[in-house]
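**Q** This is what each chain is made of:
Number of protein chains: 2
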Amino acid sequence: MKTKLGPMPLIYPIPIALAGANVEGRANFATIGDCGVMGLRPPLVYISLHKNHHTTRGVLENGTFSINFPPTELLSLTDYCGIVSGKQVDKSALFDIFYGELGSAPMIEACRSNLECRVEKEFSIEARHIFVGRVEQTYVDEDCLEEKDGKPVLPDMRKLDPIIYALDNRYYRIGKPIGVGYEEGKKHRSG
Amino acid sequence: MKTKLGPMPLIYPIPIALAGANVEGRANFATIGDCGVMGLRPPLVYISLHKNHHTTRGVLENGTFSINFPPTELLSLTDYCGIVSGKQVDKSALFDIFYGELGSAPMIEACRSNLECRVEKEFSIEARHIFVGRVEQTYVDEDCLEEKDGKPVLPDMRKLDPIIYALDNRYYRIGKPIGVGYEEGKKHRSG
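So the protein sequences, as listed, match chains A and B.
First residue of the first sequence? That's 26 in my numbering, and the numbers climb one at a time after it.
First residue of the second sequence? That's 26 in my numbering, and the numbers climb one at a time after it.
Simulated from the structure, these hints should not be mistaken for lab results.
Note that the coordinates shown come from a computational prediction; the quantities given were computed from them, not determined experimentally.
The beta carbon of each residue, even a glycine, is placed where N, CA and C say it ideally should be.
Worth double-checking, as some hints may not be accurate.
[Stated by the list, open to error] What follows is a set of in silico ranges between Cβ atoms, one per label pair, in the way DEER data are often shown: (1) A:Ser149 with B:Gly128: 28 to 36 angstroms; (2) A:Leu127 with B:Asp121: 47 to 55 angstroms; (3) A:Lys146 with B:Ile203: 33 to 41 angstroms; (4) A:Glu126 with B:Glu167: 48 to 56 angstroms; (5) A:Ser110 with B:Gly128: 39 to 47 angstroms; (6) A:Ala118 with B:Ser101: 44 to 52 angstroms; (7) A:Glu208 with B:Asp174: 42 to 50 angstroms; (8) A:Glu49 with B:Ser101: 47 to 55 angstroms; (9) B:Met26 with A:Gln113: 28 to 36 angstroms.
Okay, chain A solo, but in the shape it has when bound:
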């Protein structure tokens, strides 16, 4: 039996990331869960920011932003970045920051991976500003990667150790691998 809960954006799990932008030349970061994949080739992602958020100004100013994925050891600092605004607190002082190929999208060293993005499309909807970004470069901690045929490949997600969120307002760790994409379903093929 299904229970109706009323309209809720009950997507889960929700990835927790720090969206970064330069606001008047200073790095700022907002903790967000509303980000996701929009395409693979070319690589498209989005972030949804409240129109009044400090980071929003920076993305509009530069046309660039970053998405940084903190490991669980950064949980309290990540949660803190979602509690306070860059209008009151200088969040650039909280992290060691680096810049990549675009020059204007600040990224966090202590995050296990960082996406450097150029705004490809933007629009407002209700109180939100949505930025669709094309990923220009992807940075991953060297010691998180594995090698296959001499090339770096993505590791088991447990090594990236993401902070996961859900609308029950709890944070979670990732669990165990349970299967391989485009393999598990083959047994249902007829013929």
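On the provided structure of chain A, position chain B as indicated by the hints.
**A** Coordinates of chain B only, in the frame set by chain A:
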């Protein structure tokens, strides 16, 4: 040290869902990872579909769609729905289906939760069709819910038991709770 991997939409974790639409009166479902939250009040979500996918036609036809979250016990059937197209296989026969308030967005009984959505905005970008939906109703399996003060509340995500994906092409389970939103960061507040 950071390693550059080249441009990748390396968002993680990725939620695995079945996007549903009626195509010429018959329910069809596409396995997607590119869905996410765009706003809380009002509740906005998005799905990104390849413009040639069968489900895309149905969303354009009706202006409605569903997002269904399968538990891990549905892993192989969910993976299968990402391998075959509704153009070749009648996916309406794979599931018990119900309809809600909109009448045209098919939902899957065996999924632990279902979002019934009306298209609020749509656009094309590269080979993708993006649909931003307003959630009109949220359905959750009764035995997944907990009660607080006589009202149903969202349970620990482990009860919803989502299928999680990442670009390493593996599926994962959810792990353990590690904290509470807007609480963990309070210790960093000064003064």
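**Q** Does each hint hold? Answer for all of them.
**A** Outcome of the hint check:
Distance hint for Ser149 (chain A) and Gly128 (chain B): a CB-CB separation of about 30 angstroms, consistent with the stated range 28 to 36 angstroms. Checking the proposed 47 to 55 angstroms range against Leu127 (chain A) and Asp121 (chain B) shows it holds: the Cβ atoms sit about 49 angstroms from each other. Hint check: Lys146 (chain A) to Ile203 (chain B), Cβ distance near 35 angstroms, so the stated range 33 to 41 angstroms holds. Between Glu126 (chain A) and Glu167 (chain B), the C-beta spacing of about 51 angstroms keeps the proposed range 48 to 56 angstroms intact.
Between Ser110 (chain A) and Gly128 (chain B) the beta carbons are some 43 angstroms apart, a value that agrees with the proposed interval 39 to 47 angstroms. Between Ala118 (chain A) and Ser101 (chain B) the C-beta distance comes to about 49 angstroms, which sits within the given range of 44 to 52 angstroms. A beta carbon spacing of about 45 angstroms between Glu208 (chain A) and Asp174 (chain B) agrees with the range 42 to 50 angstroms that was offered as a hint. In this structure, Glu49 (chain A) and Ser101 (chain B) meet the distance hint of 47 to 55 angstroms, their C-beta atoms being roughly 52 angstroms apart.
A hinted range of 28 to 36 angstroms for the beta carbons of Met26 (chain B) and Gln113 (chain A) is consistent with their spacing of about 34 angstroms.
In terms of the numbered hints stated before, the structure departs from none.
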